[in-house]
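Novice: What follows is each chain in one-letter form.
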Amino acid sequence: GENVEQHPSTLSVQEGDSAVIKCTYSDSASNYFPWYKQELGKRPQLIIDIRSNVGEKKDQRIAVTLNKTAKHFSLHITETQPEDSAVYFCAASPNTDKLIFGTGTRLQVFP
Amino acid sequence: NAGVTQTPKFQVLKTGQSMTLQCAQDMNHNSMYWYRQDPGMGLRLIYYSASEGTTDKGEVPNGYNVSRLNKREFSLRLESAAPSQTSVYFCASSERRGSGNTIYFGEGSWLTVV
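Protein chains in written order, with the working numbering: chain F, 234 to 344; chain B, 9 to 122.
Don't read these hints as lab results, they were simulated from the structure. Just so you know, even glycine gets a beta-carbon here, dropped at the ideal spot from N, CA and C. Keep in mind that a hint or two might mislead.
[Said to hold, decoys possible] As a list, the in silico BS3-like pairs of lysine-lysine whose alpha-carbon atoms are at most 30 angstroms apart:
hint: 1; chain 1: B; residue 1: Lys65; chain 2: F; residue 2: Lys304
hint: 2; chain 1: B; residue 1: Lys17; chain 2: F; residue 2: Lys275
hint: 3; chain 1: B; residue 1: Lys17; chain 2: F; residue 2: Lys301
hint: 4; chain 1: F; residue 1: Lys255; chain 2: B; residue 2: Lys65
hint: 5; chain 1: B; residue 1: Lys65; chain 2: F; residue 2: Lys275
hint: 6; chain 1: F; residue 1: Lys275; chain 2: B; residue 2: Lys79
hint: 7; chain 1: B; residue 1: Lys17; chain 2: F; residue 2: Lys270
hint: 8; chain 1: F; residue 1: Lys270; chain 2: B; residue 2: Lys65
[Stated by the list, open to error] Looking from chain F toward chain B, a few residues come up when the C-beta cut is under 7 angstroms (computed):
hint: 9; residue: Leu279
hint: 10; residue: Gly288
hint: 11; residue: Lys290
hint: 12; residue: Pro327
hint: 13; residue: Asp330
hint: 14; residue: Leu332
hint: 15; residue: Phe334
hint: 16; residue: Gly335
hint: 17; residue: Thr336
hint: 18; residue: Arg339
[Stated by the list, open to error] Partner residues aside, some chain F positions facing chain B, computed with beta carbon under 8 angstroms:
hint: 19; residue: His240
hint: 20; residue: Arg276
hint: 21; residue: Pro277
hint: 22; residue: Ile333
Given only the sequences and the hints, what does the whole structure look like? Please build it.
Specialist: Given below as structure tokens:
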């Protein structure tokens, strides 16, 4: 089955710097790659997603890139702010019925 | 429109006890899921249901059973709870469309097995 690896597990940055989180997946049939943000004690919420027919997608300060050949996808957050501090999860969908998540990255943004 | 609602929010069980986590969604979604979240392990899929009347195993199904009661409701049952099942459980739903699903999560159920 699909396996998603996510790195790093923790990431600390200074406010205003950029943050990059990387994921790899194993199933070449996966064609949908969302990113979720989870604040402490809250539910995960979708922040951005990308489908396999697109190489990059941007939404204000966040962007996601996808390299299907290498089975890599990444989340980029620019101009980080303290409210970006949370756990971020990548995921891959090997079919239209389920989503397999990475193990998460705890991002801390220091003022 | 409440989204995905799950109960109870908190529960303490003794080893060997049974319980059912209830989940309901009001978004008319076809697919529903149960995930568990443990520190450093991310979100792991326990069971999912692609449509009413169907259920399938996910990554970690052992020790659990599920019932898709109707389109709205998807319950998770622990028949004989074990300390290893101490976790946060999230129910989720999605509208099956195109090449991917946007999954919406409930608020989570914190379960402790002692």
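Novice: So which hints don't hold here, by number, going up?
Specialist: Hints 3, 10, 11, 12, 18 and 19 contradicted; others consistent.
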